[in-house]
Amino acid sequence: MSVELDVFVGNTTIMDEEVYQFWLDGYTVNDAVKVRMEGGVLEECEASAEVLRSDTMDQYRTFQMCERLLHSPAKLANQLLFQIPPHRQAMLIERYYTFDGVFVREVLGKKLSKGTKKDLDDVSAKTGVTLKSCRRQFDNFKRVFKVVEELKGPLVENIRQHFLLSDKLARDYAAIVFFANNRFETGKKKLHYLTFQDFAFCAGQLISNWTVGALDNMVEDMDVDLEKEFLQDLKELKILITDKDLLDQHKSLVCTALRGKTKAFNEMEANFKNLSRGLVNIAAKLTNTKDVRDFFIDLVEKFIEPCRSDKWTAGDMRLYLTHYTNSAHILDTFKHQVVWDRYMGVIKSCILKMYHD
Amino acid sequence: MGSGGSVGKEAGPLKTLLRQHTQSALEQREFPIFTLTCFPPGFLVHVGGVVSTRSVKLLDRIHNPDEPETRDAWWEEIRQEIKSHAKALGCHAVVGYSESTSICEEVCILSASGTAAMLNPRFMREGCLDIGGSDHRLSRQPHPGMVGSERGEGEVSSTWLGFEDASPPSCGFVHIPYDEFNMPFPAQLTYCYHCRRQKVPDVLFTTIDLPAEAEVTGKGCLIQARLCRTKKKAQGEVNATSISNLLPFMEYELHTQLMNKLKLRSMNALFGLRIQISVGENMLLGLASATGVYLSALPAPGGIQIAGKTPSDLSYDQHISTIQKRIDDTIAKNKELYNIHPPECIEEVVGSPIPDRQRSSRLFRSTSESSDELSELDLSHGKKDAFVLEIDDTDAVEDIQSLLTDAPIPAGFYSCNTEVMPGIHNWTSGLQMFTSVRVYRLSNANLTNQGLNKIFTDLCENLLKSLYFKLRSMIPCCLCHLNFTVAVPEEELIQVAVTAVAMSFDKETQQAADRALTRGSGENEEQLQFSMELCGESTISNNQPTAKPSGVPESAMVHSSRAPSVDYGSFADRCSTWLELLRLKAHTIRRGSVKTSRRTQLLAHSVSSSERCSPLPEGRSRSLRSTRSLPCGAPVTVVKMTPLSFLPGTRIVKYLGIINMFFIRETTSLREEGGVSGFLHSFIAEVFAMVRAHVAALGGNALVSYSMKECVFMENPNKNQAQCLINVSGDAVIFIRESDQEAIPPLLTSRQTSGTGADGTT
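Chains as they are written, first to last, in the numbering used here: chain Z, 1 to 357; chain P, 358 to 1119.
Since the hints were made in silico from the structure, they are not lab data. Worth double-checking, as some hints may not be accurate.
Unchecked claim - Across the chosen pairs, the derived CB separations fall in these ranges:
no.	chain 1	residue 1	chain 2	residue 2	range
1	Z	T289	P	M1047	52 to 62 Å
2	Z	E50	P	S1064	22 to 32 Å
3	P	N421	Z	E50	47 to 57 Å
4	P	D417	Z	D139	49 to 59 Å
5	P	D863	Z	K126	50 to 60 Å
6	Z	D167	P	L393	50 to 60 Å
Where is the CB? At the ideal position from N, CA and C, for every residue including glycine.
Throw the hints in and build the complete structure from the sequences for me.
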C-alpha cells in the first residue's frame, strides 16, 4: 500500500514556523522529518513518522506555492489564494528575507551577477549553508537591489516599503545594496575578523553622511552613490600632512590634550604623523573608484593594525580620535572645517566599530 | 414500578389519538420525508431509529438514458420503502433523510437512509412556524438557555401542550413510538431514566443531529465502522447480483462494529449516522460515521464480555482474559475521557429491565445468547447486562482486534460528525475549516478481506491522526462535522476525503459552565430573561434561518399533497409559494426594525473593514513620501468558512444567498505542478479562494453550511495528465461578533450599559 496523493488545505493556511525554517534552510523533506522526530514533537502529540512526513510535505508544498508571492511581499497581503493572518504574513516575509551572517560575509561587496551565483556552491561548501538556502538569500539580495535601483527617496525607507521588512532588516539590506553598488572589498584576509554587522554599521554611516542623499533626498540613487563633490573636496585635506608646520602644530595640540590620560601615550606620540598621513591619504584618494573599493582595507592597514600592534584599548582609540578631530579646528591656517568634520565623523565611528580589542 | 405501569397504559389511548391526529396531517403526503437534521424543540415527538434501504441497478438497462423517468421510478421505489420501514417502526415521518449513489461502470448502488420519527402535527399546519416557531432558533447556537432542560419544558408546556402526551421534552423523543407488545424487532426496553413513565430502548441510532433539548451525560465522540470486502470482477447482471449478495452482510458487519465501539465507549446512542457504501471493480467499501453520546434517559450500556467457544487449553483462556482485561480497561478509560458518570442509584428504583432475553440476536453476530452464560459472566458487572462477544472464528478475533486498535484520541481533542459536541459550550472564535484528501494505492493485487480491512482502517485512523497533529495548536479543540467520503476511483485505488471544522474552546470557562449547568434553574432563568429580551429584536436574524430550512419542506409538502405525484411542473409553483412566505416574513421584519437593521449593517461593515487580511495599516496613499505606500489595491476581506450553520460567538445578521459552484480543473503538466498532490493542493486552495471571493463580493464575511459535495479526481501519470471536479456549496452570510451585538438592541443598552461595543466599533 502506498499513498498516492495526500493533501490538507485549510481555509486559514496552516504554517508551522519550525517547518518553515527547515524549508528556508534548504532541508529536504526527509531531513526535516528526521530533525523534527529528534525534536520530540512525536512524543508530544502521539504522532507517527508517517504523520510527520505527511505534515511536512503539505507544509513544503504550501511554502512553495507561497514563494512567488514572497518575491514581492506586498502581493502577499493582496492575494486571495491563501488566507493568512497579518502577523503570520509578517513572519513569513521577515523570515524569508532573513539571511545568514556567514553567507552574507561571503558575497558582501561582490557584484550580484550570474557569475557570483555560479560560485555559490563554493560558498555553500565553505559556510555550511545549503546551496538552496544560499540561492534564496542571493536572489533576495539581487531582487532588493534591482527594485531599489530605480527608485527615488531614502534607501532604507524604500526597502521597508517594498519588501515590508522590519527596520532592522531593511537597514541590513540597505547595507548590502550599498556595498554591492560600490563594490567595497570585504573578502581580504585582513578583513575576515569583521562581522556583517560591523560593515552594516559602517554602511549606515556612509549612507547618511557621505552620499548625495545626505544633502538632497529626492535624487535617484541618492543613497547608493557617494557625493562626487565631497570626494573632490577631500583632496583639500591633504594640507594637513603636506604642510609641515600644520602637521607639527596638529601633533602638539593632540599630544597636549592626551598627555597623562592614557598608557599608550608614548606610542601615540611616536606614531602620530604616520597615522595622520594614513587617514588623510585615504581621504585624498577617494575620488578613485578603485580606492573607494579599498576603503575598508585601507582603514585596517593604515590605521587599525598599527594601533592594534601598539595595544591601544578601545578607550584609547576613542580618546585619540576625538582629540585628533577637534584639534584640527584650532589650527588657524586650516580652512576646511566642514569637510573635515563630515569626513572624520564617519571615519571615527567606523574605526571605533571596526576596532576589536 | 406499579405506578409506572399504569401511566404506560394510560398513555396508550393518548398515543393512538396522537397517532391519528398526526397521521391525518402527514399521511396524505406522498413522502413525509425531511432532509433537515435539526428541529425546533417539541417538533420531534418520538424517534424510532434508523431506516435505510439500498438498491443495486444496472444503468445500461435504462431505455432512454436522457430522460429521468426510469431514475425517478427507482427513487420513488426507494422512498416508498423508506416510508414503509418508518411505518413498521410506528412512525409516520422520516427526518434527517439523505440519498446517495455509488457508480462503477454500469452498476449503481442507490442508497437512502433517515430516521423514523413521530412529529408534532402542530408544526405541520401552514404558517404555524411563523407564529410560534420564530422564537425557536434553528441555528444551533449553543446558547446556555437552550441547553437547560428547564427552559424547554416551560416552553413546550405553554406553547405546544394541549394534546401532547405529557412526556417531558428532554426525554420525549427517545420514548419508543412503537407498541411494546408488538415490537418490530427484538429490543430490550426499560422505563425512561428521566421521566420513569415511558419505555425507552437500550440503544438508539439516528441520522439527525442531537436535539437541543436532549440531556446528555458527559461528552460525545466520533465513532466509525470501516469495512472492505473483495468481490470478483464481473459484468452486468452477474456483477449486480454479487454486489446485492454482499450488501446485507456489509450492513450487518458495520452495524456490529458500531455497536461494539459504542459499548466500548460506554455510550448508548448514535447521532448523525451516515453509512456510505462505495462500489469499485473488485471491492466494496463501507464506512459508517456517527457521533456517540450517553443519553441520560437511556439505560447505561453494559460492558463487553469475551467468551471463548472452546475453553480447551490454559493459554487460550489466558489470551481471552488478557483481551477481556484490555477491554475493561478501555471502557474505564473512556468513561474518564468522556466524563461519563451517570448516577448509579436510579437502577434500583426502576428495577431490572424487562427480561426480554432474546434481544439483539438478529443484530449482533458473535453474541452469545445463553442465559446461563450470561449469569455466569455477569458477576463482574453487577446488575448491568454485559454484551457478549464470542470468539468463535478468526473473523471475531479480527473484530476484537480492530475494536481495540482504534487509537485513542489525543488529549485536548474531541471529535464528532454532528454540528456541535454535546457538553461543550464555550467556543472561542478560533476556527479552522479544512479539507483533506488522500488516495491510497493497493499495491498487492490479491488481498484478503482481512488485509483490506486492516488497510482501510489504518487509512482512516492515520488520516484522523494527521488531522489531530496538524491542528494541535488549537488545543483544546473539537473537530466538528467531520465528514468522510470514500470512493474507489480506480481498481486498486481508495480515495478518502474529509471536510470538517476545528473549533477551539475555553477550558477554564468550560468547567465553570459545566458547574453552572448542573446547578439548576436559578441561573437558567437569568439567561432566559436575557434571551427573551433579545427576541423582539433578534427576529431579523433568527427568523431568516428559521424560514429558510423550514420553509422549503413546508411548502413543498403542502403542494405535493395537492398534486399527488411529484412532477417537475409544480416545482416552480412550490418555489413561488416558498418565496412568498419568505417575502412576507422579510416584510414583517423590515417593518419591525428598520432602525436596528441599519445599525447592524453599519456594524457589520465596520467589522468587515476592521478584519482586513493585511499587515499594513489602512488608508495609505500611494504617494511616494507617505509613511508607507503600497502599489496594490484594497486589502482582502477575511472570510470565514464552516460546515456548521453558525459561527461561535457571533450572530448572523444577514443571509446573502446560496453559493453553489462546480469547478473542473485539468492539467497536462502534472509533474511540473508538483505531481498529483501539488495539483490537487493548489486546486482546493483555489476553490476556497474563489468561494471566499464570491462571499466577499456579496458583501459577506462568512460562508456557513459549507460542504464539498463532489471531489472526483482522475489521473494518468504516464500522460502527465490529471483532472479534477469539485462541487462546493454553502450560504453566504454577514455575521457580527456577539460582543458587538450587545450594543445594538436599544432594549438592552438601557439596562446593561457595559457600553464597550458601540463606541469601539462604529
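For this session: Could you check the structure against the hints above and give me the numbers of any it violates, in ascending order?
Result: The structure conflicts with no hint, since it agrees with every one listed earlier.
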